[in-house]
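Student: Residue strings, one per chain:
Number of protein chains: 2
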Amino acid sequence: MKIRIGIVGYGNLGRGVECAVRETSDMELAAVFTRRDPSSLKLKTENVPVVSVNDILEWKDKIDVLVLCGGSATDLPEQTPAYAKHFNVIDSFDTHARIPEHFAAVNAAAKENGHTAMISVGWDPGLFSLIRAYSSAVLPNGKDYTFWGKGVSQGHSDAIRRIEGVANAKQYTIPVDAALEAVRSGKNPELTTRQKHIRECFVVLKEGADPDKVEKEIVEMPNYFADYDTTVHFISKEEFAANHSGLAHGGFVFRSGATGLDHEHKHVIEFSLKLDSNPEFTSSVIIAYARAVKRLNDKGDTGCKTVFDIPPVLLSELSPEEMRSHLL
Amino acid sequence: MKIRIGIVGYGNLGRGVECAVRETSDMELAAVFTRRDPSSLKLKTENVPVVSVNDILEWKDKIDVLVLCGGSATDLPEQTPAYAKHFNVIDSFDTHARIPEHFAAVNAAAKENGHTAMISVGWDPGLFSLIRAYSSAVLPNGKDYTFWGKGVSQGHSDAIRRIEGVANAKQYTIPVDAALEAVRSGKNPELTTRQKHIRECFVVLKEGADPDKVEKEIVEMPNYFADYDTTVHFISKEEFAANHSGLAHGGFVFRSGATGLDHEHKHVIEFSLKLDSNPEFTSSVIIAYARAVKRLNDKGDTGCKTVFDIPPVLLSELSPEEMRSHLL
Numbered sequence: 064m065k066i067r068i069g070i071v072g073y074g075n076l077g078r079g080v081e082c083a084v085r086e087t088s089d090m091e092l093a094a095v096f097t098r099r100d101p102s103s104l105k106l107k108t109e110n111v112p113v114v115s116v117n118d119i120l121e122w123k124d125k126i127d128v129l130v131l132c133g134g135s136a137t138d139l140p141e142q143t144p145a146y147a148k149h150f151n152v153i154d155s156f157d158t159h160a161r162i163p164e165h166f167a168a169v170n171a172a173a174k175e176n177g178h179t180a181m182i183s184v185g186w187d188p189g190l191f192s193l194i195r196a197y198s199s200a201v202l203p204n205g206k207d208y209t210f211w212g213k214g215v216s217q218g219h220s221d222a223i224r225r226i227e228g229v230a231n232a233k234q235y236t237i238p239v240d241a242a243l244e245a246v247r248s249g250k251n252p253e254l255t256t257r258q259k260h261i262r263e264c265f266v267v268l269k270e271g272a273d274p275d276k277v278e279k280e281i282v283e284m285p286n287y288f289a290d291y292d293t294t295v296h297f298i299s300k301e302e303f304a305a306n307h308s309g310l311a312h313g314g315f316v317f318r319s320g321a322t323g324l325d326h327e328h329k330h331v332i333e334f335s336l337k338l339d340s341n342p343e344f345t346s347s348v349i350i351a352y353a354r355a356v357k358r359l360n361d362k363g364d365t366g367c368k369t370v371f372d373i374p375p376v377l378l379s380e381l382s383p384e385e386m387r388s389h390l391l
Numbered sequence: 064m065k066i067r068i069g070i071v072g073y074g075n076l077g078r079g080v081e082c083a084v085r086e087t088s089d090m091e092l093a094a095v096f097t098r099r100d101p102s103s104l105k106l107k108t109e110n111v112p113v114v115s116v117n118d119i120l121e122w123k124d125k126i127d128v129l130v131l132c133g134g135s136a137t138d139l140p141e142q143t144p145a146y147a148k149h150f151n152v153i154d155s156f157d158t159h160a161r162i163p164e165h166f167a168a169v170n171a172a173a174k175e176n177g178h179t180a181m182i183s184v185g186w187d188p189g190l191f192s193l194i195r196a197y198s199s200a201v202l203p204n205g206k207d208y209t210f211w212g213k214g215v216s217q218g219h220s221d222a223i224r225r226i227e228g229v230a231n232a233k234q235y236t237i238p239v240d241a242a243l244e245a246v247r248s249g250k251n252p253e254l255t256t257r258q259k260h261i262r263e264c265f266v267v268l269k270e271g272a273d274p275d276k277v278e279k280e281i282v283e284m285p286n287y288f289a290d291y292d293t294t295v296h297f298i299s300k301e302e303f304a305a306n307h308s309g310l311a312h313g314g315f316v317f318r319s320g321a322t323g324l325d326h327e328h329k330h331v332i333e334f335s336l337k338l339d340s341n342p343e344f345t346s347s348v349i350i351a352y353a354r355a356v357k358r359l360n361d362k363g364d365t366g367c368k369t370v371f372d373i374p375p376v377l378l379s380e381l382s383p384e385e386m387r388s389h390l391l
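Read top to bottom, the protein sequences are chains A and B.
The letter at position 224 of the first sequence is residue 287 when you use our numbering, and the numbering goes up by one with no holes.
The letter at position 81 of the second sequence is residue 144 when you use our numbering, and the numbering goes up by one with no holes.
The following block holds chain A by itself, in its conformation from the complex:
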C-alpha cells in the first residue's frame, strides 16, 4: 500500500509537494486541504479531492503523513502542534531563532497522541543543516561558513514593497565572489556581513514617486539593508513581469578545518545548491523525509524529529541492501 500524503495549503510549496509525490513510486496524493473555497482550486493531479480545512479531521484515518505548507511567521507555529495531535506531520519551519520552542510544542502534541512529526525540513534549514552537522563532527577544529544566493529573499522584497511610492519589488541576495574564493582557499577569513553578501533590488515605482527618496529609504533601512552594499534598479512593470518572476535560489556551505599533530594539514568541505525553483526543491526534500516519518511511525518511534534524527536509509525507496550495493 502506498504512503498516503495530504497537503495543507496549496501555494508554491503545496504545488511543489504535489509534483514531488508524482516522482515517487511508493506514495500517492490522498487529498489537498485548503482555507479557500475548494471548488476554486485546480490541481495538477486527476482524481484527488480538494477538501475544506474545516473538514480535515474526517481524514484522520486516510492520511499517513500530512505536509504543512503554510508560512513560518504565523501559520506553522499554530498548525504544526495542532495537526500533530491527529496526524503524522512534516513542516518546513524556517525561523531559526524560534526552532527550540516550535520543537517543544510539536513534540508534546505528537508524543501524547502517538504521532511522528518532523519540523524544519528543506534546504536551509534542512540539507545545509546536515552538512553543518556532519562536517563539524568530522572536523572539530574548523570553521563553518554559509552563503545564500543568488536568490530571492521574500522578507527583503516585502520590506521594500512596504515603502511609500513602491508598486512592486524583488530583492536578490548575492554571495560575494571574493569571499567565496577566500573561504574555498582554506584561509579561514573573518568576514563581516557586508563582505559576505550584496543585495540587489529591482523596484517598480508608483506614478509620481521620487526615486531618490525611495532609494535612500531602502539602502538605509536598519537590519534589512544598512549593513550591506545595496544597489537599486528602477524598472518598468513590464520588465519586472518579464525578468523577475522566477523563484531560483541556492547557496553554499563550507567547513574549513585542520588535522594533524600541529594542525598542519588543511581540509575544505564545500556543499552547494543551484536551484531553478526554491519551492519545488524544498518540497522534494520534504517528500523524501515524509517517507521517513511514515517508517518511524510504523516502528512506534513517535514525537518530534529533525533531519539530525533520521538515518539516510529511511529516506530512500531503495532497500538497505540496494543502497549498500549501489550508493556506498
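Keep in mind that the hints were calculated from the coordinates and are not lab data.
A hint or two may mislead.
Put simply, identical chains are the same to the list, so a pair is met inside one copy or across any two.
To be verified - Dumping the calculated DMTMM-like pairs for lysine to aspartate or glutamate here, alpha-carbon to alpha-carbon at most 25 Å:
# : residue 1 : residue 2
1 : LYS206    : GLU263
2 : LYS362    : GLU175
3 : LYS105    : ASP290
4 : LYS105    : GLU327
5 : LYS206    : GLU384
6 : LYS279    : GLU175
7 : LYS65     : ASP372
Knowing the structure of chain A, use the given hints to seat chain B on it.
Tutor: Here is chain B on its own, set in the frame of chain A:
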C-alpha cells in the same frame, strides 16, 4: 567516562586516528595494537601502551571501540569479522564490489556476540556515499556523477612500480575541468571514462632503463591506463622526494536533476572535498562514527552498520538541543 579507542595497525591511517582522537574531548586513546615489535613504535601521545596484536584479547573490557587500520585487500576481510566477535569495531573497507559479502560476515560476527560494527567509513565510501544517498532520495529524477582527485591513486602507483626498470612512481588522478563544468551547468552529459579523468604519472627510472619502453608499457596497460589520457614524466629521485611525497586528495559528487510537472526546473547539488591529507581526513570521519558505534552499543543496537544507518545526531559531541539551536 571517556570513550576508550583502540587502534589496530599504526600506519598512515592509524597515526591519523591518533591525531583525530586528540581533537575530541569525549574520547581517549587506550592502546595501539601492532604486528610489529611494540618497542619499535613511537606514538605521538604520551602514556599510551603499544601492545602486540597477539595479546589483544586481554583488552576486551578496556576498549570501547576498536579502529581497524589495515588494508582492504587482505587485512580487513579477515580482521573485521574476527575482531567483531570480541570488540565493537569500525573499518574503512573500500573495495566497493565486495561490500555486500564483507557486511554479511561482519554482521554475523557482531550480532552473535552483542557487538556493534561499522564498515566502509571514510570519504568514499563514506561522506560521498551519504551525499549520493541524500541527493538521489531528494531528486529521484536525476543523475549522479562522482569525480576523484586531484589525488594519488595508490593502486595505480603500485601498478607502475611493478614495471621492469621503474625505481619509484606516483600516479595522480585528475578530474577533467571541461567535464566538471558540463556537469555543474546541469547539462547531464554522458561521459566516457576518458572524458572524466586524466592520469598523470611521475616515474623514477632504474639506471639503464629505456624511458620509451616504460612509457609505452604504462599508457597501454589494460584497466589501469589504456582507457585514459595518460601523461608520464620521468624525474630524478631527488625531485620525487621533494615534490611527490604528499598525501593530498579530494573529489566531487554531483546530482543533477529536475522537478516540476514537466521536469521544467533544473537543480544541481555539488559536494566537494579538498584534502591536504587523505589518511588524516579519513580517520577524522572514522572517529566521528566511532562515537556513534559506542552510543548504538550502549542502546543495545548491535550488528553491522554503514553510514546509511546512522542519524547525524549520534556523531556530534553537541547535545540534540545544542544541535537544533546552533546547526539547524
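Student: Please go over all the hints and tell whether each is borne out by the structure.
Tutor: Status of each hint after checking the structure:
Taking the closest pair of Cα atoms, LYS206 and GLU263 never come within 25 Å of each other, the shortest separation being 28 Å inside a single copy and 33 Å across copies. In this assembly of identical chains, LYS362 and GLU175 lie within 25 Å of each other by CA distance both inside one copy and across copies; the values are 16 Å within and 23 Å between. Taking the closest pair of Cα atoms, LYS105 and ASP290 never come within 25 Å of each other, the shortest separation being 43 Å inside a single copy and 53 Å across copies. For the homomeric pair LYS105 and GLU327, the shortest alpha-carbon distance between copies (20 Å) is at most 25 Å, but the shortest distance inside one copy (60 Å) is not.
For the homomeric pair LYS206 and GLU384, the shortest alpha-carbon distance between copies (20 Å) is at most 25 Å, but the shortest distance inside one copy (36 Å) is not. For a Cα distance limit of 25 Å, the shortest separation of LYS279 from GLU175 qualifies neither inside one copy, at 52 Å, nor across copies, at 72 Å. With identical chains, the CA atoms of LYS65 and ASP372 are at most 25 Å apart both within one copy (24 Å) and between copies (23 Å).
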